Amino acid sequence: GAGVSQSPSNKVTEKGKDVELRCDPISGHTALYWYRQRLGQGLEFLIYFQGNSAPDKSGLPSDRFSAERTGESVSTLTIQRTQQEDSAVYLCASSLAGTSGRVGTQYFGPGTRLTVL
Amino acid sequence: AQRVTQPEKLLSVFKGAPVELKCNYSYSGSPELFWYVQYSRQRLQLLLRHISRESIKGFTADLNKGETSFHLKKPFAQEEDSAMYYCALVTNAGKSTFGDGTTLTVKP
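Quick mapping for you: the protein sequence lines, in order, are chains A and B. Taken in order, the first sequence gives residues 1 to 117; the numbers are from this note's numbering. Taken in order, the second sequence gives residues 1001 to 1108; the numbers are from this note's numbering.
Source of the hints: derived by calculation from the structure; they are not laboratory data. Treat the numbers as computed from the prediction; the structure is a model and nothing was measured. A portion of the hints provided could be inaccurate.
To be verified - Restraint-style ranges between C-beta atoms, simulated for each label pair:
{"hint": "1", "chain 1": "B", "residue 1": "1039", "chain 2": "A", "residue 2": "58", "range": "27 to 33 Å"}
{"hint": "2", "chain 1": "B", "residue 1": "1052", "chain 2": "A", "residue 2": "68", "range": "31 to 37 Å"}
{"hint": "3", "chain 1": "B", "residue 1": "1050", "chain 2": "A", "residue 2": "85", "range": "30 to 36 Å"}
{"hint": "4", "chain 1": "B", "residue 1": "1009", "chain 2": "A", "residue 2": "96", "range": "30 to 36 Å"}
{"hint": "5", "chain 1": "A", "residue 1": "63", "chain 2": "B", "residue 2": "1020", "range": "19 to 25 Å"}
{"hint": "6", "chain 1": "B", "residue 1": "1020", "chain 2": "A", "residue 2": "68", "range": "37 to 43 Å"}
{"hint": "7", "chain 1": "B", "residue 1": "1051", "chain 2": "A", "residue 2": "84", "range": "18 to 24 Å"}
As the list claims (entries may be wrong) - What the simulated footprint calls covered on chain B by chain A, stretch by stretch (three residues with Cβ under 8 Å from a Cβ of chain A suffice, anywhere in the stretch; the number is not a length):
{"hint": "8", "segment": "1015–1022"}
{"hint": "9", "segment": "1043–1053"}
Think of the CB as a built atom: it goes at the ideal place given N, C-alpha and C, for glycine as much as any other residue.
Extracted from the complex, chain A is given alone in its bound form (with noise of 0.2 Å):
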């Protein structure tokens, strides 16, 4: 079936824009979740989102970034007043609860490279 996606694959910006990326989870997850990797680092935990729950906004940089995400599908990251150090690749992942309402295994996009010039 469908993996997770995201759109736009790239994205070149200009500093102070706002640039918003789309994640499409794989259907029937009910967990969400956005990182930012910046070049040669790891994964930084931006967003959470279970099912009904109030996300877990505790890994957002600064009030510049916001993320929704409509019932159990897409989601969408917004960046306003984009800076130099927001360029970064962003990855989406998605998945089931596990068990005890742990999550599970997570499934990855492709992400999007975001440059900010």
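Starting from the known structure of chain A, arrange chain B on it as the hints suggest.
Chain B in isolation, oriented as in the chain A frame:
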């Protein structure tokens, strides 16, 4: 707050040699631990998880709660094992933390 540490950024071994990728974690609760792998030009994907207690592609990892470690091991490395490996911890609230990753190179 939870933390995952992978002390080796780069690891290079010869084909047929044993390999161990280290992962240490800190978390006050009972974690779920995973190893994910990213081969060249592919997506990040699950390699194994501690609750499965299985061997995937010859790799195993044992959760040592006393040492708070989840090291990944393989007795005989193959060239196709060359990849980026990430250790990840998921809390009982679902929050996910990844290590910085280890790039494994297996030389012929």
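**Request:** Test coverage of the segment 1015–1022 of chain B by chain A using CB-CB distances below 8 Å; three residues minimum.
**Result:** violated (count 0)
**Message:** For the hint 18 to 24 Å, verify it against the beta carbon of residue 1051(B) and that of residue 84(A).
**Reply:** At roughly 41 Å between Cβ atoms, residue 84(A) and residue 1051(B) fall outside 18 to 24 Å, so the hint is violated.
**Outcome of range test on Cβ distance (residue 1039(B), residue 58(A); 27 to 33 Å)** = Hint holds: Cβ distance 31 Å, inside 27 to 33 Å.
**Message:** Quick check on a hinted range of 31 to 37 Å for residue 1052(B) and residue 68(A), using CB atoms only.
**Reply:** Hint holds: Cβ distance 33 Å, inside 31 to 37 Å.
**Asked** Would you say the C-beta atoms of residue 63(A) and residue 1020(B) sit inside 19 to 25 Å of each other?
**Response** violated (42 Å)
**Prompt:** Is the gap between the beta carbons of residue 1050(B) and residue 85(A) within 30 to 36 Å?
**Reply:** holds (35 Å)
**Request:** Take a look at whether the Cβ-Cβ distance between residue 1020(B) and residue 68(A) falls inside 37 to 43 Å.
**Result:** holds (42 Å)
**Asked** When you take the CB atoms of residue 1009(B) and residue 96(A), is the distance between them in 30 to 36 Å?
**Response** Taking Cβ atoms as reference, residue 1009(B) and residue 96(A) lie about 32 Å apart, which means the hint holds.
**Message:** Is the coverage entry for the segment 1043–1053 of chain B by chain A consistent with the three-residue Cβ rule at 8 Å?
**Reply:** holds (count 5)
Consistency note: the structure conflicts with the earlier hints numbered 5, 7, 8.
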